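K.L.:
Letter by letter, the chains look like this.
Protein chains: 2
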Amino acid sequence: MPPPIVVTTAFEARAACTAARNEGQRVGLVPTMGALHDGHVALVREAARHADFVVCSIFVNPTQFGPHEDLARYPRDLEGDVRKLEGVAVVFAPQVTAMYPVGDETRVDVGRLAEHLCGPFRPGHFAGVATVVTKLFAVVGPCTAVFGEKDFQQLAIVRRVATDLLLPVNVVGHPIVREADGLAMSSRNAYLTPVDRPKALALSRGLFEARRAFDDGERRAGVLRALVHTLVARVASSVDYVTVADAEALVPLADDATVTTRVVIAVACRVGTTRLLDNIVLA
Amino acid sequence: MPPPIVVTTAFEARAACTAARNEGQRVGLVPTMGALHDGHVALVREAARHADFVVCSIFVNPTQFGPHEDLARYPRDLEGDVRKLEGVAVVFAPQVTAMYPVGDETRVDVGRLAEHLCGPFRPGHFAGVATVVTKLFAVVGPCTAVFGEKDFQQLAIVRRVATDLLLPVNVVGHPIVREADGLAMSSRNAYLTPVDRPKALALSRGLFEARRAFDDGERRAGVLRALVHTLVARVASSVDYVTVADAEALVPLADDATVTTRVVIAVACRVGTTRLLDNIVLA
Chain A
0 MPPPIVVTTA FEARAACTAA RNEGQRVGLV PTMGALHDGH VALVREAARH ADFVVCSIFV
60 NPTQFGPHED LARYPRDLEG DVRKLEGVAV VFAPQVTAMY PVGDETRVDV GRLAEHLCGP
120 FRPGHFAGVA TVVTKLFAVV GPCTAVFGEK DFQQLAIVRR VATDLLLPVN VVGHPIVREA
180 DGLAMSSRNA YLTPVDRPKA LALSRGLFEA RRAFDDGERR AGVLRALVHT LVARVASSVD
240 YVTVADAEAL VPLADDATVT TRVVIAVACR VGTTRLLDNI VLA
Chain B
0 MPPPIVVTTA FEARAACTAA RNEGQRVGLV PTMGALHDGH VALVREAARH ADFVVCSIFV
60 NPTQFGPHED LARYPRDLEG DVRKLEGVAV VFAPQVTAMY PVGDETRVDV GRLAEHLCGP
120 FRPGHFAGVA TVVTKLFAVV GPCTAVFGEK DFQQLAIVRR VATDLLLPVN VVGHPIVREA
180 DGLAMSSRNA YLTPVDRPKA LALSRGLFEA RRAFDDGERR AGVLRALVHT LVARVASSVD
240 YVTVADAEAL VPLADDATVT TRVVIAVACR VGTTRLLDNI VLA
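For the protein sequence lines, the chains are A and B, in the order given. Take 0 as the starting number for the first sequence in numbering that gives the first Met the number 0 and just add one per residue. Take 0 as the starting number for the second sequence in numbering that gives the first Met the number 0 and just add one per residue.
Everything labelled a hint here was simulated from the structure, so no lab data went into it. Please read these numbers as outputs of a predicted model, since none were measured by experiment. Honestly, I wouldn't trust all of these hints.
[Claimed, not checked] Short derived list, chain A residues pointing at chain B, Cβ under 10 Å:
(1) 101
(2) 108
(3) 112
(4) 115
(5) 119
(6) 167
(7) 174
(8) 247
(9) 250
Every residue gets a Cβ at the ideal spot worked out from N, C-alpha and C, and that includes glycine.
With these hints in hand, go ahead and build the complete structure from the sequences.
P.N.:
The following block contains the structure:
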């Protein structure tokens, strides 16, 4: 398999994808911010199951970072990333100006799905995500796009945007890929110090405990939530949320509610200075 | 030329356009709300200059109407409309649920361009326009889309959205088509009573006077504005605005400013109960 072609302009990316489509190939897209790990590689493999011509975008999207977030220090390693992208036809690695033309004003807003979970902690984040993903879809024109379930709310929002904007793309979620010890893979794990790294296990351990309890018949939202929260609170420098929410609408369940539909338990917390996410779906 | 095929689902519209594209035809789009008049017919003719396969959408888009606006009584006549659409391959006349799927949450927001002119008088209007146009583009996939310059701000916003979202569509503006006496054609002219109709001429007369003054060398924004405002205020039941604005950014010029760039003089007022728009570009 030849190495991917790396393009930096929307024009080149669109031309390559149009050519592939005109040859009858199905185009797949894996949008990433780079700093690729085995989780991303799994997304690429999933895309290849749905598409003949896989595009991986690598773009650290400024509009999804808040003013005090880690945009500047977000890990970047294009050369290393490209080496990991076996089976990818095109790597689309645009500059900011290629994605946000001079005078840019347009944002895609996702309404209520952005109000829950990470929404209140990251104002504007999901509008930034929805906007850049809409643009990537417009450039690449994928029939399938693959997103990781680790960013559960992002996946739900991208599905909503694709449905609502009548975009002809099948949005596919891929299960969380975990390290051997359970930690959900994330580019931000690179920030974890040797002291933080073992603490970070509390997220997956708490979620696995909640799943065990659920499998044993526990349906009280507050009890399931507390199983996760107790473990996480013990190690986290701060907890943004531990929430049991409806897996479709993302509306949180009250602690005294009973789980009757498919739910997600989602965690966001800081271990040291590193913000970590994890979640588990119970159904 | 065969009469247009009328389709009501995004699926059918997309299939027809994809088939045309696959045969190497260029697809053009004229988005309308129906109640077609000679202005619309001119847009269709313009689209046919850029495209081999012209689609006309007819959709009274609820999200661009405010709660106290004329959504319910907006004129509707699909059969009559279709008869006027000679040279159109497909009429896309969707139901509301075809354009706004169950659970719809997504809006395309256009930032500062929506803050001026009609924006403050029609909160949410331009987000509704930008959203539905983005959807129509997603369904039809036009290489060219034609909009009338009568809705000058709408045209500027659609251009901005297409540029910002990296949509592969050429947005073409078509000059205002006027009745013999100067009144800008509009579906809402049908609301004008016999008493209102002659009054409505004040808009175009005022704008033509301003153009004459501009052509004679007048560059004081306030003087140009007053020429229009005086005539309009005499007949209007209310004046939303008479504004001299930069033709690109739509930022209003102060009355004591001098016109040095391309500007638009835009009017919105009510004659009787009918809200009318008109504008003229000076350069």
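K.L.:
For each hint, tell me whether it holds in the structure or not.
P.N.:
Hints, one by one, checked against the model:
1. A hinted interface residue such as residue 101 of chain A counts as satisfied when its beta carbon comes closer than 10 Å to some beta carbon of chain B; here the least separation is about 9 Å, so the hint holds.
2. For the restraint placing residue 108 of chain A at the interface with chain B, the shortest Cβ-Cβ distance is roughly 5 Å, inside the 10 Å limit, so the hint holds.
3. With a least beta-carbon distance of about 6 Å to chain B, the hint placing residue 112 of chain A at the interface is held under the 10 Å criterion.
4. Taking 10 Å as the C-beta cut-off, the interface hint given for residue 115 of chain A is violated, the closest approach to chain B being about 12 Å.
5. Hint status for residue 119 of chain A: violated, given a least beta-carbon distance of 17 Å to chain B, over 10 Å.
6. Satisfaction of the interface hint for residue 167 of chain A is found here, the shortest Cβ-Cβ separation to chain B being roughly 6 Å, below the 10 Å cut-off.
7. Nearest Cβ of chain B to the Cβ of residue 174 of chain A: about 24 Å, over the 10 Å cut. The hint is violated.
8. A cut of 10 Å between beta carbons decides the hint on residue 247 of chain A: the least distance to chain B is about 9 Å, and the hint holds.
9. With a least beta-carbon distance of about 12 Å to chain B, the hint placing residue 250 of chain A at the interface is violated under the 10 Å criterion.
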